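**Student:** Top to bottom, those sequences are chains A and B.
Using the numbering used here, you'd call the opening residue of the first sequence number 1 and step up by one each time.
Using the numbering used here, you'd call the opening residue of the second sequence number 1001 and step up by one each time.
If you are wondering where the hints come from, they were derived from the structure by calculation, not from laboratory data.
Source: prediction; values computed, not measured.
All clues stand as given, with none of them false.
Footprint (simulated), chain B over chain A, 3 or more residues, beta carbon under 8 Å:
#, stretch
1, 17-29
2, 50-58
3, 71-77
C-beta atoms are modelled at their ideal positions from N, C-alpha and C, and glycine is treated no differently.
Each chain, letter by letter, is given below.
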Amino acid sequence: MKRGELLGSLEHIILLALVRADGDAHGMIVRREIEQRTGRNISIGAVYATLERLEEKGYVSSFTGQPTPQRGGRAKRLFRVEAAGKRALQISGQTIRSMTAGLKDRWGTI
Amino acid sequence: MSRSSPLPFACWLFESVLPGPYREAMLGDLVEEYTLRIDSTSSFTASIWFWSQACRSVPSMIRSSLRSRNCFISLSVATGIYLFIEMLKFAADFTISKLFAPGQSAHVVLAPIVFLLANAIGGCVAARIRRGAPTFLALLVTITVAVLIDLKGCSIPVPWWYQFGFLTLGPLSVLVAPAFLGRLKQRGLVM
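Given these sequences and hints, build the entire structure.
**Tutor:** This is the structure:
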């Protein structure tokens, strides 16, 4: 992660969903996890577009799984978080924590 | 409708229209979730969910395709082919206008056929040269038609749905024709 470059909100959420999946996960698992935890009904296209961008940045890697009949003979694309992705999450998390520190007294719960 | 291949038309349409390297994986995910949703809800609710997810995914996938690193090459290929199909259309329109006077029913019927056919040929050529090129070509066709409609480029009075047909079916023919040709090749119907 370049200095000063922060993760976008969807990038942040998707990386966290991948970490939560604890292993290799495909787009629908990520989408479901986000929907269950945040109530945001994001489209599968938005998930894959973000995953593609994260892969270009080197934060995640992907490989093709086996095609299954449940998927109409289509193969899964499985994603995993790379070390650079974990670092980016730490930096983004740290930035948010730094920026929200001390605001609790003013705003109540943050 | 079998459980292993839900909404075959929707799958085929989105497989043809959606750009991007993860198209197949994305459709696979949708199909998998759709079959799970049929068990928990109804076939109708699951179908609505499938269509809404697929339709909402199109803008994200197109944006992602336009943003990709190799988009400049795809755009160049699309522009070249766009000029080629415009020449093709001009030649065909010229021939039609020599045979039938503008406003004659034959002219009104033949013009959209030529338009769709030229776009379909362009789409197939674009897909053969570069995978991402049909998306850009469809975009160029949409912009041109929209500008022509706005400038009232059609000299003959035509109903709104006729122009709307050009605006929607034009780009769709660019995107769907390569997939259709691929299917025909798979079945051995085309060399």
